[in-house]
Each structure stands twice: as C-alpha cells, then as structure tokens.
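Q: Please model the entire structure based on the sequences and the hints provided.
If you want the building blocks of each chain, they are given just below.
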Amino acid sequence: MIKVEHLFYSFNDLPLLEDLNFEVKSSEIIHLKGVNGSGKSTLLKILSGILNNFQGKILLSTDNVFFLGHNLGLKDSLTVNDNLLLDYRFNAEAESLDEACNIFDLNSLRDSKLFSLSQGQKKKVSLVQFFLSKCDLFLLDEPFANLDKKGIELIENMIIDRQNQGASIIFTSHEEHNISSRELIL
Amino acid sequence: MRKQRRNRIIFVSSFIFSLSLASVFIILAMNENIDFYYTPSDLTSSKIINKENLRIGGLVQEDSIESSQDSLETNFLITDLENTVKVNYVGILPNLFKEKSGVIARGYFDYSKGIFYAKEILAKHDENYIPKEVKKALVNDS
Amino acid sequence: MRNFYFKTFQRDSRVYLSRSSSFLGPIVFFLITITLYPIAFGSDEEQLAELAAGIIWISILLANLLSHQFIFNEDYKDGSLDLVLTSGKSLFLWASIKIFVNWYFSSLPLIFISIFTSFMLYLPFDAALILAITLFLGTPILSMFGALAGALTLERGNIVGSSIVIPLCLPALILGILAIQSYKNEELFFYIFLLAAFLFFSIPILIASCLGAIKLHFE
Amino acid sequence: MRQFFSQLISFPYFFKLAQLSFPYIFVISIFVILLGVSWGVFFSPSDATQGDVYRIIYIHVPAASVAQSIYYTMVVASITYLIWRIKMASVFMISMAPLGALFTFLALFTGAVWGQPTWGTWWVWDARLTSTLILLILYLAIISLFSSFDRRDSTDQAVSIIVLIGGINLPIIKLSVEWWNTLHQSASITLSGSSIDNEMLIPLLISILGFYIYVTAIGMRRMQIEIIKREITHNWVKTIFQEKR
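Residue numbers (the numbering used here), protein chains in the order written: chain A, 236 to 421; chain B, 7 to 148; chain C, 541 to 759; chain D, 410 to 654.
Derived by calculation from the structure, the hints in this document are not laboratory data. Be a bit skeptical, because a hint or two may be false.
Said to hold, decoys possible - Heads up, simulated SDA-like pairs for lysine to any residue below, C-alpha to C-alpha not over 20 Å straight-line:
#, chain 1, residue 1, chain 2, residue 2
1, B, 9, A, 285
2, C, 629, C, 752
3, C, 755, B, 18
4, A, 348, C, 559
5, D, 496, A, 337
6, D, 496, A, 247
7, C, 629, A, 332
8, C, 617, A, 323
9, C, 547, A, 247
10, D, 583, B, 32
11, C, 547, C, 629
12, B, 106, B, 86
13, A, 260, A, 313
14, A, 348, C, 558
15, C, 629, A, 300
16, B, 9, A, 236
17, C, 755, A, 246
18, C, 617, A, 313
19, D, 425, D, 633
20, C, 755, D, 495
21, A, 385, A, 324
22, B, 9, C, 751
23, C, 629, A, 294
24, C, 629, A, 285
25, B, 125, C, 590
26, A, 348, C, 553
27, A, 357, C, 616
28, B, 9, A, 247
29, A, 369, C, 629
30, C, 629, B, 13
31, A, 268, A, 411
32, C, 724, D, 589
33, C, 724, B, 126
Said to hold, decoys possible - With beta-carbon atoms standing in for the labels, derived distance ranges:
#, chain 1, residue 1, chain 2, residue 2, range
34, C, 581, D, 440, 53 to 61 Å
35, A, 401, D, 416, 31 to 39 Å
36, A, 347, C, 550, 14 to 22 Å
37, A, 249, B, 34, 51 to 59 Å
38, C, 572, B, 38, 33 to 41 Å
39, B, 25, D, 647, 44 to 52 Å
40, D, 647, A, 261, 46 to 54 Å
Yeah, the Cβ is synthetic: ideal placement off N, Cα and C, and Gly gets one too.
A: What follows is the structure, encoded as structure tokens:
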C-alpha cells in the first residue's frame, strides 16, 4: 500500500525526519508512536500529500486517502448536517447518515451550528465522516483525543472494520491500543 | 498519476483559453483606432466631432494671447501651422505656457461660435536638451 | 452533480450566507465611504458629478480588497485546506470557484448598489450604465488581487497583504475611470476592451499565483 | 562558463569573490561618478531653455535608470528562483529591494527639486512621476513582506511571487498611467539616437555607468551580509571569522 524509502524532511533547516524507511501492506493497522515533536503529524501530512517539500521516495498504490488532522476541517458556521452533506469524500444518503449519527449520539445536534458544539462533539462529527468514507488508506492523527471510553472503543471497532474491508490504517496515539498489527516508533 | 494529468490539462487549457480571450480583446481595442488629441485642422474640417472631453493640441500662435485684466480669463489661438482655432480658458495657466510652445487643451468645441472652451490647459515640456549657443545658431540659420 | 467542485461551491455559499457580517460588511463599508466624499468635498452638484466615477471606483476597490483578504484564511485555520490538498482535485478550479463565490456575494451586490449611489453623486444615467459595465469587468480583478494578498499572508492576515496589491490594481482603476469619463466618446470601447483584456489576462496568472502563495504554507 | 555560473551561485565562493573585488569596484564607482557628475555640473554647457537647472539630470536620470533596472533584474532573479530554486537568486532579491527603493526615492526627490524651477511646482501628477511613485510603493511593499513569514523559504517564495507579478504588471501600469496622462517629455535617450546634445550626453552616460558600478558594489556587500545571516551556523562562515581574528 505504502512504501517509503529514505525520507528526509526538515523545517527551517532543522531536520525533523531523517532517513525513514518503512512499508505498509494492505489490511494493516499501524500505530505511530513517538515523543512530542518527533514528527508524527508531519509524517502523516507528507503521506497524505499535504506537505510536498520532502526528499526521498514515497510510493502509494492508491490516491483514495482519508486524512484526519488536528484541525478537523469542519466549518464552524455550518450545521452538523451541512458539514456532513457537503463533505466531498462521500455522498451521504439519508439512511446511512441517520445510522451514523445514531451511533455517535449526534441526532439531537444535527441542526445546530458547529460552533455551539464541544470539542468532543466536533470530534465525533469528524468521526462520522470517517465512518461514512470509503477509502483505501486512512491516516488518523490522534483519533482518540477528546473522546470518552465508549467513544474510544467505538473507533477501535471501526478501525478493525476498515481493516477487514482491506484498507490500511495509520494512526497516532499516546495511549496503548491492542488493535494495531504493528507499532512504528519515530 | 492520472489525476495529476487531468489537473494539469484543466490548468493549461484554462490558461490558454483566458489568454486567447485577452488577446482577442486587445485586438478589438487596437481596431478602435483612437486619437488622443485632435489638431485644429481636424476641427475646422467638415467632419463634426461631438465629444464631451475633446483634446486639441498644437502650438500657441504668436501674439495671440489676450489675458483679461480683471479675471483669469484667457483667449488665444492654437495652430498646427495650417489652421487655427480660438481657445477660451478660465483659470491659472501653467508656467511653461508660452507663445510658440506646444499646448494641449481639454474641453469642448462650440461649432456655432467656432470657439474651443477649455477646461484644462497642459503645456508640453520641451524634450530636447541643447546648449544655448547651439540653439541660437539654429535660430539664426532659419 | 454532487462532486467535489459543486460541493465546494455550495459549502462556501452557505458559509457566506450564514454570517451577515461577511455579507453586509463590504456594503456598509462602501456606503460609508461614498457618504464621506460629499461631506468632505461639499455637495456641489457639478463637482460631485465630475468626481463620481473616481469616488465609486476607489470605494469599491477598498471594500473589495478588504473583503477578499480572508478568502483562504478560514480554510487554512480550520483544516479544510488540508482536506482539499489530500483530495488530489484541481486546485486551480477549486480556487476559481472560491473566488467566484466571494465575488458573487460581496462584489455583485456592490455593483447594483453603486448604480444607485451614482445617482446620489449626480452621475448621468448613461455614465452610470458604463460604470456598471466597467465594474462587472473590474471587480473580479480586484477580487483576485485581494485573494492573492490574503493567500500571501495566510498566517497573519494583516494590512500588509492588501497594501501590496493596491498598486498592482491600478490599471483596472485607470481603465475603468477613463471609460466612464469618455462615456459619450468613441474611446469608450477602447478602454472597455482593454479592461476586458486585463481581466482575462489576470485570471490565470493571478489564480496560479494564489495557489503558489498557498503552497508556501505547506512545505 | 557553466562552471563559472555554478560556482557563482555557491555561497562561500561568491562570498570570497565579493570580499576580494568589493574595494576595487567601490573605488572605481566613486571615481566614475565623480568624473561624470563634476564634468556635467562644471564643464558642460547650460541648456537653451532650462538654463543651469537641468544639471540635476546628472543625478536624476542615473538614479531613475538604476531604480528601474534593479526591478527588472529582480524579476529575472524571481523567475530563476521559482524555476530552479537557486538560493542565490532570493539573496539577490532581498538585498537589492531596499537599494531599489532608495534609488527610486532619490529619483523622485531630485525630480521634485528639478520640477520646482521648471514647472513651478514640486510635484506634478504626470505619467512618469506617477509610475515612479508606484515603483517606490511596490519596493516598499516587497520590503514589508520580508518579515511576514516564519520560514525563510516561504519569505523567499512570497517575495519572488510578488516580484514576478509586479514585473508582469509594471509595463501595464506604465501604459495605463500614460493613457491616463498622455503628456510629458518622452524618454530622451533612445536606442536609435538621442535628442540630447553630445556635450551633455557624454557626462550623463558616464555618471549612469558610475551609478551602475556603485550599485553593483553596494549590492555585493549587501548580499554578503544576507549570506552570513543565512549561513551563520555553517562551518565556512565560522572559519572566515576565525581567520579574521
């Protein structure tokens, strides 16, 4: 799915990623670990094609990539419903949207503007997007942050579901998760 | 890879499309064939130019400047050495406004009276730099 | 037709309409500046008629640049820009749509309002029509320059951005005003064609440089 | 030739070259400027219509010419930077922009001093003066962009984008400003020949040459400073300063 060879990346002449080599096969779950500032988010951004100014080789067998970053990419001034309907990554039908919102307890909030939601609720909206997207590669930066225990379990199950459908997942987290097939430490 | 190629096609084709539209408009503009200023001969010829902000250019004729004593009104003649037009102007004249020097007046031409009413007078600055002695010699020659 | 570009269009339109400030801000700014001129110069009919074209164009220029400064700013801050970059879609088309939506909601109303204000400044009716035409051709140029200013200073979003591009907008301003001033003359079409040429010349170059400026922030 | 260019764009080589040649170029430039200006001011004849006032031409025209040329070389540098990512090109742009602003200001200032006796006013809104003023604003805008970014590369790139857009736009601005005001003397020096008398032209050309050499010298110095700012952590800079001590 992914093959990274001799990846270098530096910010303001300070090297952040140095000679990184790894490979991810399909149906793999990778837990990306490392201390703060070790370049986890940067690596995910490079893999997703947001940052281009790197040296080295990255081979992706798909360009159908889902990215979830620190900034969730949701519009504060739109309602939850609009945010989901106008996401370009999936065309949500009413039924699947209802189902997804039910899972995350968002049904009562669907017509409220996003800025009235808490951090955790916003996170859930972006996880509904994750739930509804059908991509081959998922790059999730801190998907478990701001979530309660029940939410974390839900996401873990969703990740495994995706794996069973043949997708690969790379996520970062500071906690231990026993869903990962491999750990990658920066 | 295919996506990138498609994006490049979109980019290049819209570039070409826009730039060719731009050149079409430039060609159209160049076909308009406009005059920035008219000469006294243009005004006195039979063709009537009915313009709000008409510009006429030429030389100020010798001994033609009549300044009024109690107001800023000035009358003078603009010539292109063939025809002359009487110009009426109320206002302060620029420093370089002299007899036999170039001038451009903006205003409108009253065909019934044959007078050009100027709203603005621009004196043309001499663009030749010649030493005094040489100029004297030139003047004497001619 | 529920693809990426259409959704971008809808999303931006809704964001625009959901906030009265972004919608009304330029209008209020424009009306206030228009009002300031007669207050400062006096309400002499002839004088105002002479100045009207310039007054309206300058006010629109400033209102437009100010309102277009933040076109890409919000997308940068909330992470939508990240998602656009991962999509692999044509950024050129995406930026064009964004600028169009912003032009549609902030400049188009100004054009209609400017026709009314032109009567308040005693501009003759024929000249007011020419004014509308020149604004139709000119405001997209201003929008694109405003977008470029915003794209260059995404992180900061300060006054530096718009002051950079004001001198570059000058040809549009001059051609627009010259066209209005010669509304009775035959030069009119010369200036209007040139303004149109400048518009189509600017579209690809300015949008491409907007994208270049945005990519600076993702390196 | 090719090797020479590849050496020229390497920071240490350029630094050493500039270090060696700066004193010579600087002294030559001062000498040439003094020659041209003093010849023009003291020995050339006075103008038939303008008298002695025109002598400010020996500073005004070189300054205006240098101010414009700097911008066009910056445009070339910006294209070079955007295509080949040669860092020397961005060093060049960033060092030259303040110089360009300075000479544009000098041209405007001497123009005003010249305008006072000839037109009877310090400032005229004519085409040439207006487009020079816009050039000054453009330079200042570019300089104001220097500090708007956290990353050096972003600054370089933003500057080159705006320089390039300005470069494309500048002729259009000039043209439109000329339509706006069709009046003023047309350029006195043209390729096909000049309307300036030879006795006045030669000192003018000499002082123009002098200004260009001067800008080359000062530009090299400024580029050296910019290079040191960027490469302060590198070893070659350290060794140079150790040698000095």
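Q: Run every hint past the structure and note whether it holds.
A: Here is how each hint holds up against the structure:
A hinted pair counts as satisfied when its Cα atoms are at most 20 Å apart, and residue 9 of chain B with residue 285 of chain A qualifies at roughly 15 Å. For the suggested pair residue 629 of chain C and residue 752 of chain C, the alpha carbons sit about 16 Å apart, so the restraint of at most 20 Å is met. Restraint check for residue 755 of chain C and residue 18 of chain B: the C-alpha separation of about 19 Å stays at or below 20 Å, so the hint holds. Note on residue 348 of chain A and residue 559 of chain C: the hinted pairing holds, with a Cα-Cα distance of about 12 Å set against a maximum of 20 Å.
In summary, the hint linking residue 496 of chain D to residue 337 of chain A is not supported, as the alpha carbons are separated by about 55 Å, beyond the 20 Å threshold. Pair hint residue 496 of chain D plus residue 247 of chain A holds up; C-alpha atoms about 14 Å apart against a cutoff of 20 Å. The straight-line distance between the Cα atoms of residue 629 of chain C and residue 332 of chain A is roughly 25 Å, outside the 20 Å bound, and the hint therefore fails. With a C-alpha separation of about 19 Å, the suggested pairing of residue 617 of chain C with residue 323 of chain A holds against the 20 Å cut-off.
For the hint pairing residue 547 of chain C with residue 247 of chain A, the CA-to-CA distance comes to about 36 Å; that exceeds 20 Å, so the pair is violated. A distance of roughly 16 Å separates the Cα atoms of residue 583 of chain D and residue 32 of chain B; the hinted pair therefore holds under the 20 Å criterion. As the CA atoms of residue 547 of chain C and residue 629 of chain C are separated by approximately 12 Å, the hinted pair is consistent with the 20 Å bound. With a C-alpha separation of about 11 Å, the suggested pairing of residue 106 of chain B with residue 86 of chain B holds against the 20 Å cut-off.
Between residue 260 of chain A and residue 313 of chain A, the direct Cα distance comes to roughly 38 Å. Violation of the 20 Å bound is thereby established for this hinted pair. For the given pair, residue 348 of chain A sits about 10 Å from residue 558 of chain C by alpha-carbon distance, which is consistent with the 20 Å threshold. With a CA separation close to 12 Å, the supplied pair residue 629 of chain C and residue 300 of chain A stays within the 20 Å bound. Proposed proximity of residue 9 of chain B and residue 236 of chain A is supported: the alpha carbons are some 18 Å apart, at most 20 Å.
Restraint check for residue 755 of chain C and residue 246 of chain A: the C-alpha separation of about 15 Å stays at or below 20 Å, so the hint holds. As the CA atoms of residue 617 of chain C and residue 313 of chain A are separated by approximately 15 Å, the hinted pair is consistent with the 20 Å bound. Between residue 425 of chain D and residue 633 of chain D the alpha-carbon distance is near 9 Å, which keeps this suggested pair within the 20 Å criterion. About 18 Å separates the Cα atoms of residue 755 of chain C and residue 495 of chain D, which keeps this hinted pair within 20 Å; it holds.
In summary, the hint linking residue 385 of chain A to residue 324 of chain A is not supported, as the alpha carbons are separated by about 26 Å, beyond the 20 Å threshold. Pair hint residue 9 of chain B plus residue 751 of chain C holds up; C-alpha atoms about 17 Å apart against a cutoff of 20 Å. Simply put, residue 629 of chain C and residue 294 of chain A have alpha-carbon atoms about 19 Å apart, close enough for the 20 Å limit, and the pair holds. In summary, the hint linking residue 629 of chain C to residue 285 of chain A is supported, as the alpha carbons are separated by about 12 Å, within the 20 Å threshold.
Straight-line distance between C-alpha atoms of residue 125 of chain B and residue 590 of chain C comes to about 12 Å, which keeps the hinted pair within the 20 Å bound. At most 20 Å may separate the alpha-carbon atoms for a hinted pair to count; residue 348 of chain A and residue 553 of chain C meet this at roughly 16 Å. Of the pairs offered as hints, the one joining residue 357 of chain A and residue 616 of chain C holds, with about 18 Å between alpha carbons and a cut-off of 20 Å not exceeded. As the CA atoms of residue 9 of chain B and residue 247 of chain A are separated by approximately 31 Å, the hinted pair breaks the 20 Å bound.
The hinted pair formed by residue 369 of chain A and residue 629 of chain C meets the criterion: a straight-line CA distance of about 17 Å does not exceed 20 Å. Between residue 629 of chain C and residue 13 of chain B, the direct Cα distance comes to roughly 7 Å. Compliance with the 20 Å bound is thereby established for this hinted pair. This hinted pair checks out: residue 268 of chain A and residue 411 of chain A have alpha carbons roughly 10 Å apart, not beyond 20 Å. Proximity of residue 724 of chain C to residue 589 of chain D is assessed by CA-CA distance (about 17 Å); at most 20 Å being required, the pair is judged to hold.
For the proposed pair residue 724 of chain C and residue 126 of chain B, the alpha carbon gap of about 18 Å is at most 20 Å, so the pair holds. For residue 581 of chain C paired with residue 440 of chain D, a C-beta distance near 54 Å keeps the hint of 53 to 61 Å intact. Taken as a hint, the range 31 to 39 Å is violated for the pair residue 401 of chain A and residue 416 of chain D, whose Cβ atoms sit roughly 54 Å apart. At roughly 19 Å, the beta-carbon separation of residue 347 of chain A and residue 550 of chain C lies within the given 14 to 22 Å, and the hint holds.
Range check, residue 249 of chain A to residue 34 of chain B: about 55 Å between beta-carbon atoms, so the 51 to 59 Å window is met. The hinted range of 33 to 41 Å is satisfied by residue 572 of chain C and residue 38 of chain B, whose Cβ atoms lie roughly 37 Å apart. Here the CB-CB span from residue 25 of chain B to residue 647 of chain D is close to 50 Å, well matched to the stated 44 to 52 Å. In this structure the supplied range 46 to 54 Å holds for residue 647 of chain D paired with residue 261 of chain A, their Cβ-Cβ distance being about 50 Å.
Of the hints listed earlier, those the structure fails to meet are numbers 5, 7, 9, 13, 21, 28, 35, in rising order.
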